[in-house]
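Put together the whole structure using the sequences plus the hints.
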Amino acid sequence: FSLDMADPETKRAIEVDGPSHYLRDASSGERVANGSTRFKARLLRAYGWNLANVAFFEWDRKTASERRELLADKLAEIGVRREPELIDAVS
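Per my numbering: the sequence shown = residues 597 to 687.
Be aware that one or more of the hints could be misleading.
Pairs of lysine-lysine, DSS-like flavour, derived with a Cα cap of 27 Å [said to hold, decoys possible]:
#1 Lys-607 to Lys-670
#2 Lys-636 to Lys-670
#3 Lys-607 to Lys-636
#4 Lys-658 to Lys-670
Restraint-style ranges between C-beta atoms, simulated for each label pair [what the hints assert, rightly or not]:
#5 Ser-623 to Ala-672: 16 to 24 Å
#6 Arg-620 to Arg-677: 34 to 42 Å
#7 Ala-642 to Glu-605: 27 to 35 Å
#8 Trp-655 to Gly-675: 34 to 42 Å
#9 Met-601 to Ala-642: 16 to 24 Å
#10 Glu-605 to Gly-625: 36 to 44 Å
#11 Ser-623 to Gly-644: 30 to 38 Å
Hints listed in this document are in silico derivations from the structure and should not be mistaken for laboratory results. These figures come from a predicted structure and were not determined experimentally. Glycine included, C-beta positions come from ideal geometry on N, C-alpha and C.
Have a look at this one:
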């Protein structure tokens, strides 16, 4: 597998998922992760990885400060404490 951001020692990763990772649900019209994206996440979690996903449609509509907050939240999901200098460097 390839991962967008990963720390193999702690088995923490963030995946940035673009449009090719999603399909539209026929009944609701909502975007849902496609089969290969869901399979990859399920397999990584089965191997003990903590994984957070950042969806393009969440990222694109945010301001710079909202993106920093989103990234901080995603990092917290996988057990990474808030480090403003790290978040500022990525956003």
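Among the hints numbered above, which are violated by the structure, and what are their numbers in rising order?
Hints 5, 7 and 8 contradicted; others consistent.
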